[in-house]
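Assemble chain B onto chain A, guided by the hints.
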Amino acid sequence: MPDVRTHEPDDHDNAYSGLLVGDARWAFGTDFEDPLAGVDTTVPDGVDPAALATYCLMLGDDALVLSQRLAEWCSNAPDLEEDIALSNIALDLLGQARLLLARAAAADGTQVPTLPAGSPVPDEDRLAFFRDDLRFRNVRLVEIPGGDFAETITRILLFSTWRLALFEELAHSRDAVLAAVAAKAVKELTYHRDFAGRWFLTLARGTDESRRRLLAGLDTLWPYWTELFETHGVERETAEAGVGVDPAGLAADVDVVLDQVLAASGVDRPALPPLAGVQGRKGRDGRHTEVLSRMLAEMQVVARAHPGGHW
Amino acid sequence: MSVVAEPEPEADPEADPKAEPESEAQLEARFQAVIARKDRIEPRDWMPDAYRRTLVRQVAQHAHSEIIGMQPEGSWISRAPSLRRKAILLAKVQDEAGHGLYLYSAAETLGVSRQELTEMLISGRQKYSSIFNYPTLSYADMGTIGWLVDGAAICNQVPLCRTSFGPYGRAMIRICKEESFHQRQGYELLATMMRGTDEQRAMVQESVDRFWWPSLMMFGPPDDASPNTAQSMAWGVKTHTNDELRQRFVDMTVPQAAALGVTLPDPDLVWNAERGAHDFGQPDWDELWAVVKGNGPCNTQRVAHRKRAWDEGAWVREAALAFANGTGTGTDDNDNDNDGTEPA
Chain A
2 MPDVRTHEPD
12 DHDNAYSGLL
22 VGDARWAFGT
32 DFEDPLAGVD
42 TTVPDGVDPA
52 ALATYCLMLG
62 DDALVLSQRL
72 AEWCSNAPDL
82 EEDIALSNIA
92 LDLLGQARLL
102 LARAAAADGT
112 QVPTLPAGSP
122 VPDEDRLAFF
132 RDDLRFRNVR
142 LVEIPGGDFA
152 ETITRILLFS
162 TWRLALFEEL
172 AHSRDAVLAA
182 VAAKAVKELT
192 YHRDFAGRWF
202 LTLARGTDES
212 RRRLLAGLDT
222 LWPYWTELFE
232 THGVERETAE
242 AGVGVDPAGL
252 AADVDVVLDQ
262 VLAASGVDRP
272 ALPPLAGVQG
282 RKGRDGRHTE
292 VLSRMLAEMQ
302 VVARAHPGGH
312 W
Chain B
983 MSVVAEPEPE
993 ADPEADPKAE
1003 PESEAQLEAR
1013 FQAVIARKDR
1023 IEPRDWMPDA
1033 YRRTLVRQVA
1043 QHAHSEIIGM
1053 QPEGSWISRA
1063 PSLRRKAILL
1073 AKVQDEAGHG
1083 LYLYSAAETL
1093 GVSRQELTEM
1103 LISGRQKYSS
1113 IFNYPTLSYA
1123 DMGTIGWLVD
1133 GAAICNQVPL
1143 CRTSFGPYGR
1153 AMIRICKEES
1163 FHQRQGYELL
1173 ATMMRGTDEQ
1183 RAMVQESVDR
1193 FWWPSLMMFG
1203 PPDDASPNTA
1213 QSMAWGVKTH
1223 TNDELRQRFV
1233 DMTVPQAAAL
1243 GVTLPDPDLV
1253 WNAERGAHDF
1263 GQPDWDELWA
1273 VVKGNGPCNT
1283 QRVAHRKRAW
1293 DEGAWVREAA
1303 LAFANGTGTG
1313 TDDNDNDNDG
1323 TEPA
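Sequences listed follow chains A and B, in order. Residue numbers for the first sequence follow my numbering, so the first one is 2 and each next one is one higher. Residue numbers for the second sequence follow my numbering, so the first one is 983 and each next one is one higher.
By construction, these hints were calculated from the structure, which means they are not laboratory data. Every value quoted in this text rests on a predicted model; they were computed, and no experiment measured them. One should not assume that every hint holds.
Said to hold, decoys possible - If you only want the chain B side, here are some residues facing chain A, beta carbon under 7 Å, derived: (1) 1059; (2) 1060; (3) 1061; (4) 1063; (5) 1064; (6) 1072; (7) 1075; (8) 1083; (9) 1084; (10) 1121; (11) 1182; (12) 1295; (13) 1298; (14) 1300; (15) 1301; (16) 1304.
Every residue, glycine too, gets a C-beta built ideally from N, C-alpha and C.
Pulled out of the complex, with its shape left as it was, chain A reads as follows (with noise of 0.2 Å):
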């Protein structure tokens, strides 16, 4: 049998030169299987672990489905840059789920869905694959289909705008969880929102059918935008006791920064009522649209013929 590693002197880098070498760490993405791994996850006192927990899982949601719809544009962007660019996005968001979902499963383990016992499937993916729609937290707006180019930058403006906004607060949460994540995902979201604005206005100042269809992408998500400001009860429990953020209180924050890029771009806010519950509940109450069910769907159809499945 010959040595796996032998190789010329003067390959650049022999891609085969470490694959069967035993170190955990060799590959990208082996070093973050827990990501909280030597995180402090008490919850600090005075704080109902149920509602951080559920807090944290509306977050979390939000992050988790809009990170679903723009990783559908992976290989289908106007060009490479851009595709590029909205996977970053994706990613970041992704990252931001599994911190919170995490977070979530160590306030509060009763909210984390049970499996066959011995499955090795850990508490973010039971949450994420074992969970149905009625129990995601998620907003109305980060679901519905992606639509063309100029919804999406919007819906990434209007989005990264608010959860900016919130996330700022929330890095001076009580909880220590919490407030790390908000920190580093101020960063992420600050650029989310530059990469919008910036399209925004090229759209909006590009050709009339771009100016168009950008016209159009924000009446469609328009109707969902007044939800992100409606206070649920848990995010005022979780604001009282200092963990969360009263999302009522961002509107004014939020409005100056919009009303900049819509003057900017020419764009007048569309004078559209917003978009009803069924029986005043809404995406953090578990009720969705039509969409949310199926996609859920196809982004558990894996995990779900393999609930004792290593991955």
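Showing chain B alone in chain A's frame:
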């Protein structure tokens, strides 16, 4: 020219602006001297037209392979069975877009634009690696593609880091580093699945059975049926023959398969102590030619996907150009407070 040898002063046309222009024969001799001492040809250096054409063909085909190669793996991003695997796969496919970008940039230094090359791809006038005309049918394929397909690609590509055309060689150095990551990720996925359930192990074996022969085909036809090899080797564009690289790949893969616990689907595969190498069977070359000629399982689908993405993005690229050139909608005045309809 760079890196290895100092340029010879008398060979520098800019040193004396009154010097007679060099004859074609002198230029050719100087080019051959650079090749002979294994130095790099740079974009502004004189090069034979046939060398330029060969490089455009090869670099473009390589760039197209990266971009088309996003599809078979990209198809599983939405279904990745764990969030960690989703992140790894998305990052990998994103790397492939990046490789396409460096390679199109290298091709642009030869005088062709990314747009021209993309149009050649979607009209079927330029090819890409035939391996991507096979379907991905299970999540294990994400591991097998990393291990075998990226592994075969690395065998092909590592020698290209020393290829004679500078921008291509330098792009390949970066690409090979990332491909080597991808190969490890793929192998690690398979190794993890082999530690999982019986269903997962069966999934890995089925995937390896499907991708083994197409991976061997990635090295191209046997040397006696490869018309371009001799000239490409003489120019230093290619540095090893197809059969040499295929042998190297088989020899390196066999112990990895053993460590993984999978069987390679070739009854003729056996260690030949006399040669110090493995003997192995021949792939179905008729199938390769069918796939190359456009009749593989996914040829039509892959090109149609790329064409759709390119066509549907046209209005975005036009808008970006209009905005950058200052000819866009409403850029002639400060009509920031208009009513959102078409500005004057």
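Status of the hints after comparison with the structure:
Interface restraint check for residue 1059 of chain B: the shortest CB-CB distance to chain A comes to about 5 Å, inside 7 Å, so the restraint holds. Look at residue 1060 of chain B: its Cβ gets to within about 5 Å of chain A, closer than 7 Å, so that hint holds up. The interface hint given for residue 1061 of chain B is met, as the beta carbon of that residue sits about 5 Å from the closest beta carbon of chain A, less than 7 Å. Because the beta carbon of residue 1063 of chain B sits about 4 Å from the nearest beta carbon in chain A, less than 7 Å, this interface hint is met.
Evaluation of the residue 1064 of chain B hint against chain A yields a held restraint, the C-beta minimum of about 4 Å falling below 7 Å. For residue 1072 of chain B, the interface hint holds, since its Cβ comes within 7 Å of a Cβ in chain A; the closest pair sits about 6 Å apart. Of the supplied interface hints, the one on residue 1075 of chain B holds, with its beta-carbon coming within about 5 Å of a beta-carbon of chain A, less than 7 Å. A hinted interface residue such as residue 1083 of chain B counts as satisfied when its beta carbon comes closer than 7 Å to some beta carbon of chain A; here the least separation is about 5 Å, so the hint holds.
Among the interface hints, the one on residue 1084 of chain B is violated; its C-beta lies about 10 Å from the nearest C-beta in chain A, farther than the 7 Å criterion. About 5 Å separates the beta-carbon of residue 1121 of chain B from the nearest beta-carbon of chain A, less than 7 Å, and the hint is met. At a threshold of 7 Å, the smallest CB-CB gap from residue 1182 of chain B to chain A is about 6 Å, leaving the interface hint in force. At a threshold of 7 Å, the smallest CB-CB gap from residue 1295 of chain B to chain A is about 3 Å, leaving the interface hint in force.
Evaluation of the residue 1298 of chain B hint against chain A yields a held restraint, the C-beta minimum of about 4 Å falling below 7 Å. Look at residue 1300 of chain B: its Cβ gets to within about 6 Å of chain A, closer than 7 Å, so that hint holds up. Annotation: residue 1301 of chain B was flagged as interfacial toward chain A, and the flag holds, the nearest CB pair being 3 Å apart, inside 7 Å. A distance limit of 7 Å between C-beta atoms decides the matter here; for residue 1304 of chain B the minimum to chain A is near 5 Å, and the interface restraint holds.
Hint compliance for this structure: hint 9 is the single one not met.
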